[in-house]
Amino acid sequence: MKSSYNSHVKRIILGLVIFAVVGFIGKEISSPKSFGVYGHYRADAIQEEADRDMRHKTNTPCLPCHTHEAGLHKNGLHKTISCEFCHGPMADHITSGIKTGELPVKKGEEIRVLCLRCHNRAIHARPGDVIKTVVMPDHLRDKKVKETHTCNQCHHVHAPYNYIDQAKQALSIKEAS
Amino acid sequence: MDREKPELNEERRTFIKKVLKGTIAGSLLLVIPLRADDLETSEQIPEHIPEQIPGIRGSEYDMSRHRFVFIVDITRCIGCGSCCVADKREYNVPDGNYRTWVERYIKDIDENIYVDCPNGGLDGYQKPREDIDRPVRDTFFVPKLCNMCEDPSCVQVCPVGATFRSPDGFVLIDSERCIGCAYCIQACPYSVRFLNPVTHTAEKCSWCYHRVRRGLLPVCVHVCPAKARKFGDLNDKESEVYKILSGPGVITVLKRDMGNSPSLYYKGARREVI
Amino acid sequence: MNAAHENAITILTNYVFPNDLHVHWSMMIALYPYITGIVAGAFIVSSLYHVFGVKSLKPISRFSLLFALAFLTCATLPLLFHLGRPERNFNIMLTPNPSSAMAGFGYIYMLYGVVLLLEVLFIYRPTLVYLRKKSQGLMEMIYRALTFDSTNLSPESLELDRKIISFLAAIGIPMACVLHGYVGFIFGGIKANPTWATPLMPVIFLLSACVSGVAGIILVYILIKTFTNKPADTDCVRTCTNYLAGFFILDFVFEMLEVLSHSYLRTAHYHAVDELLNGPLYNSFWIGQVGILSVIPLILLGWLCLTRVNDTLFKIGASLVSFMLLLQVVFMRWNVVIGGQLISKSARGFTVFHPEWFDKEGILTAIVLMCAPLVVLFVISRIFPFWMEEMDEG
Ligand code: SF4
Ligand code: SF4
Numbered sequence: 001m002k003s004s005y006n007s008h009v010k011r012i013i014l015g016l017v018i019f020a021v022v023g024f025i026g027k028e029i030s031s032p033k034s035f036g037v038y039g040h041y042r043a044d045a046i047q048e049e050a051d052r053d054m055r056h057k058t059n060t061p062c063l064p065c066h067t068h069e070a071g072l073h074k075n076g077l078h079k080t081i082s083c084e085f086c087h088g089p090m091a092d093h094i095t096s097g098i099k100t101g102e103l104p105v106k107k108g109e110e111i112r113v114l115c116l117r118c119h120n121r122a123i124h125a126r127p128g129d130v131i132k133t134v135v136m137p138d139h140l141r142d143k144k145v146k147e148t149h150t151c152n153q154c155h156h157v158h159a160p161y162n163y164i165d166q167a168k169q170a171l172s173i174k175e176a177s
Numbered sequence: 178m179d180r181e182k183p184e185l186n187e188e189r190r191t192f193i194k195k196v197l198k199g200t201i202a203g204s205l206l207l208v209i210p211l212r213a214d215d216l217e218t219s220e221q222i223p224e225h226i227p228e229q230i231p232g233i234r235g236s237e238y239d240m241s242r243h244r245f246v247f248i249v250d251i252t253r254c255i256g257c258g259s260c261c262v263a264d265k266r267e268y269n270v271p272d273g274n275y276r277t278w279v280e281r282y283i284k285d286i287d288e289n290i291y292v293d294c295p296n297g298g299l300d301g302y303q304k305p306r307e308d309i310d311r312p313v314r315d316t317f318f319v320p321k322l323c324n325m326c327e328d329p330s331c332v333q334v335c336p337v338g339a340t341f342r343s344p345d346g347f348v349l350i351d352s353e354r355c356i357g358c359a360y361c362i363q364a365c366p367y368s369v370r371f372l373n374p375v376t377h378t379a380e381k382c383s384w385c386y387h388r389v390r391r392g393l394l395p396v397c398v399h400v401c402p403a404k405a406r407k408f409g410d411l412n413d414k415e416s417e418v419y420k421i422l423s424g425p426g427v428i429t430v431l432k433r434d435m436g437n438s439p440s441l442y443y444k445g446a447r448r449e450v451i
Numbered sequence: 452m453n454a455a456h457e458n459a460i461t462i463l464t465n466y467v468f469p470n471d472l473h474v475h476w477s478m479m480i481a482l483y484p485y486i487t488g489i490v491a492g493a494f495i496v497s498s499l500y501h502v503f504g505v506k507s508l509k510p511i512s513r514f515s516l517l518f519a520l521a522f523l524t525c526a527t528l529p530l531l532f533h534l535g536r537p538e539r540n541f542n543i544m545l546t547p548n549p550s551s552a553m554a555g556f557g558y559i560y561m562l563y564g565v566v567l568l569l570e571v572l573f574i575y576r577p578t579l580v581y582l583r584k585k586s587q588g589l590m591e592m593i594y595r596a597l598t599f600d601s602t603n604l605s606p607e608s609l610e611l612d613r614k615i616i617s618f619l620a621a622i623g624i625p626m627a628c629v630l631h632g633y634v635g636f637i638f639g640g641i642k643a644n645p646t647w648a649t650p651l652m653p654v655i656f657l658l659s660a661c662v663s664g665v666a667g668i669i670l671v672y673i674l675i676k677t678f679t680n681k682p683a684d685t686d687c688v689r690t691c692t693n694y695l696a697g698f699f700i701l702d703f704v705f706e707m708l709e710v711l712s713h714s715y716l717r718t719a720h721y722h723a724v725d726e727l728l729n730g731p732l733y734n735s736f737w738i739g740q741v742g743i744l745s746v747i748p749l750i751l752l753g754w755l756c757l758t759r760v761n762d763t764l765f766k767i768g769a770s771l772v773s774f775m776l777l778l779q780v781v782f783m784r785w786n787v788v789i790g791g792q793l794i795s796k797s798a799r800g801f802t803v804f805h806p807e808w809f810d811k812e813g814i815l816t817a818i819v820l821m822c823a824p825l826v827v828l829f830v831i832s833r834i835f836p837f838w839m840e841e842m843d844e845g
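Protein chains in written order, with my numbering: chain B, 1 to 177; chain E, 178 to 451; chain P, 452 to 845.
Source of the hints: derived by calculation from the structure; they are not laboratory data.
Wrong hints could be hidden among the right ones.
Cross-link-like lysine-lysine pairs, in silico, DSS-like; alpha carbons within 25 Å at most [said to hold, decoys possible]:
#, chain 1, residue 1, chain 2, residue 2
1, B, Lys132, E, Lys304
2, B, Lys132, E, Lys444
3, P, Lys676, P, Lys509
4, B, Lys168, B, Lys143
5, E, Lys404, B, Lys106
6, B, Lys106, E, Lys304
7, E, Lys265, B, Lys79
8, E, Lys265, B, Lys106
9, E, Lys304, B, Lys107
10, E, Lys304, B, Lys143
11, B, Lys132, E, Lys404
12, P, Lys614, B, Lys10
13, E, Lys265, B, Lys107
14, P, Lys642, E, Lys432
15, B, Lys10, P, Lys584
16, B, Lys132, E, Lys284
17, B, Lys79, E, Lys404
Between beta-carbon pairs, the in silico distance windows are [stated by the list, open to error]:
#, chain 1, residue 1, chain 2, residue 2, range
18, P, Thr464, B, Ile98, 49 to 59 Å
19, B, Lys27, E, Arg448, 45 to 55 Å
20, E, Gly436, B, Gln47, 29 to 39 Å
21, B, Leu16, P, Thr464, 57 to 67 Å
22, E, Pro425, B, Lys27, 46 to 56 Å
23, E, Arg306, P, Val819, 44 to 54 Å
24, E, Gly436, P, Met707, 27 to 37 Å
25, P, Thr677, E, Lys432, 47 to 57 Å
26, E, Arg448, B, Asp53, 37 to 47 Å
27, E, Asn412, P, Met707, 47 to 57 Å
28, B, Asp53, P, Ile622, 49 to 59 Å
29, E, Val313, B, Gly71, 40 to 50 Å
All residues carry an ideal CB built from backbone N, CA and C; glycine is no exception.
Here chain B stands alone, though its shape is the one from the complex (with noise of 0.2 Å):
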C-alpha cells in the first residue's frame, strides 16, 4: 500500500478519536446509576446504609422473656445499664424469633472485673455525681467480708441494693440517719 505523507498521522488521529469516544462511552455505561443525585457520590449508598443491620436492638426485647431480671433491674439503680453491655448483643441471641445463640453470664472473678470497670475509685476521673466508686480491698474490709468475696455476693448485679435492703428490712436494721 502506497502512503501518502501524512497517513499515519491520520490513523494516529483516528486511533484517538475512537480511543477517547469508546473510552467515554464506557465510562457512562459503567459509572453507576444513582450517582450525582445529591452530589459527587452514589445516592444509593445513604439507604444502603441505613438498611444495616442492627445488633443491639435495646433493652426493650429482653424483658419480655427474661422476666425476673427485668423487674430487678427496671426498679434498681443499674436501670440505666444495657443488658448488651455485659451479655452481648440481641443479634446473637435471637434472631427473627428464633434463638440462635446463647449469651455469655459473667461469673467470679469476671464479674469483679466487669464490676470495677465503672465502680474502681483507684482511676480517678470518676466524678462523684455520677457513679459511686469503691476501694478494693479497703470496701471488703470495711463491710467485714472475706477478701475473697466477689461483688454480686452482696450486690445484685441487676439491681445493686436489693438483697442489702431486703436484708436490712429482714433483719430489722435500722438505718442509721
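Got chain B sorted already, so can you dock chains E and P with the ligands onto it with the hints?
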C-alpha cells in the same frame, strides 16, 4: 438517685435462705418458660423498640430537615469503655481498629500531660497508670469518634467519591466503590478512619446512621451508663443537645484550626485535649 | 506557670491514636513517586535536547525518552499493589472526584503516556520504517503497527513529523511537571499532617524528580556503555552532570528551606516535626539523606564540574554521584512518605514502621517493582535501538 424499694414477697424467704447458705449465685437459675409471642416481640422490628429520637419515625424521612449533633460530656465520662465494646460488636470491627475509643488524660502537678488508651479502651481502665512519678493533679477521660465535619477533609480527598457527606449531615462511606487507597485516612485530622482488614475498604464511625434512621440513638450513646454521650437533632428545640448547645456551658470542638467545622462537640474539654 | 506549660507541650508521652499505629502508606507509596519522578526527570533530559537544543545531549536524547517510557509503564504497579481493592482501580477514571488531589492521576497519567508514546514513535519513525523493511515475521508486524503502516519518508512527511515532535516535546514538559509536581501535591495537600502540608512539597518533588531522572540516565548510560564495551560520550556525560548539579543544588536548597522554615516559624506543630527529625528519623534524615547522600555528592559534584578531571575519572565520579543521588531520592521519598506518617495526629507521639520482606507491600515486592522498569527497558531495546551510532552502522 433513689434506691429500689425492697419488695418483701416470697422472694424474701429464698433470699434469706441463700444468704444463710452463703451463696446467691443461684438467683440466676430461675427458669422462665419462653412463650412464642414474647419471642416475636423480641425480634428486630424497630417499631417494637420505643423511639429514642423523636421526629424520625412515622412521616417520610426528609434529609434536609435534620441537623444532628453529638456532644461528649467529658465531665461525666467514667472511662468504662461500654461504648467501645458496643461499637465493636455492632459493627464486628476487626481487632486493632477503632471506630470509637476512650483516651485517659492524666495531668501531673507540673502540668505535664500523659495520655494513654490501651486497646482503645475496650477493656476499660482497670488500673491506675504506674509510670508517672510526679503527683497527679487531675485525670479525665476523652471519648473520640468521627467528628462528622461540615467541611470534611476525607470527602475532599476521596478520589472516587466513595466517602461523602449526605444531605442530613452524615459523612458516610460507600464500601461498594471504595478502592482502599487510604487517602482519606491520611486526610482525617482526627484519625478516626482505618482500612478494614477484611473488606480492604475504608471504615469509620457513622454515628450509627442505620439506628438513627430507625429513630434510635447511636449504640454508644445508648449504652453509656453515665450519659456522657449525647446525640440529637439541633432543629428540635426540645432536644437535650439543643438545650446544651444553647446553654452557658463551655463547649469546644477538637482541632478547630483545621477548619473542618466538626458537628461533634465536647463539653468541659480542657485545652490539652487534642 | 508559663514555662511549665511550654514544657507540657514539648514532652511527648508517646501517645499514638489507636488508628495511627498502623502506617497505611508504606513502601509502595514511597516507590510510586520515585518511579514517576524518574519518568519526569528522564523526559526533561530529552526535552533539553529536543526543545531547548542542548546539542551535546544528542547521544542520549532517544535513550532518555525510552528510559522514561519504560518507567512510565511500571508507574502504576506500586499503586495497584497498594490499593485495598485493586480490581476497582478504574473507579478513579469513572468517577474522579474534582476536589481530590489524587483523582486526576488516572487522566494525567494516561495523557502523559499518550504524549510520550507518540513522541517516541514520531522520533523513531524513519528508523522504524527502515527496520520494518529489514525484518520479517513477527518483528515485521510489530514495526508495521508502530509505523501505522506508513512507509512514507518524503521530505514533506518528515517536515510534518518534525513539527509534531516539537509540539509534543513542548507540551510534554509542562505535563511532566504536572505529573510530578502533582504527586508532590498529593502530599502537600494533606493539612492533617504537619510534615506534608507545605506549599514547597510539589517543588521539592519536582526538583528531586529531575535529580533522580538525570542521575538514573547518567548511571544507566555509563553502565550500558561499559558492559557493551563502547565508549560513552564524554561531552554528553559532562553536560548531564552539570545539569544534575544544577537540579540537585536547587533540590537540596528547597529541602533544607522546608526544615528551616519549620524550625524558624515554630508553630504548634513544630515540636512534633522537630522531635520526628531528631528522633525516629535522625538516622535516615540527618545522617542518610542530608549527611552522606547530599553533602558528599555536593562536594563530588563541585569537584567534577569545577575542576579539570580526566575522562575516565570523570565517568567513575559521575556514576558514583549518580548512584548516591538516586539513593538520596529514595531516602527523601522514604522520609517524606513513611517518616511523615510516623507522627501521630495526636501530636504526642510516634509510631514505628517495620518493613516486612514478604508482605504484599513488602521489601521483596519493592525490589521486584524496581527491577521491572529495567526489564521493560531491555524489551524496548529489542524494538527501538537506543543509540544513533547503531543506526548509522546499519
Ligand atoms: S472526623 Fe475525619 S472521618 Fe470524620 S468527617 Fe471529619 S475528616 Fe471525615
Ligand atoms: S480509601 Fe476509599 S473512601 Fe478513602 S479515599 Fe480511598 S477510595 Fe475514598
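So which of those numbered hints doesn't the model satisfy?
none
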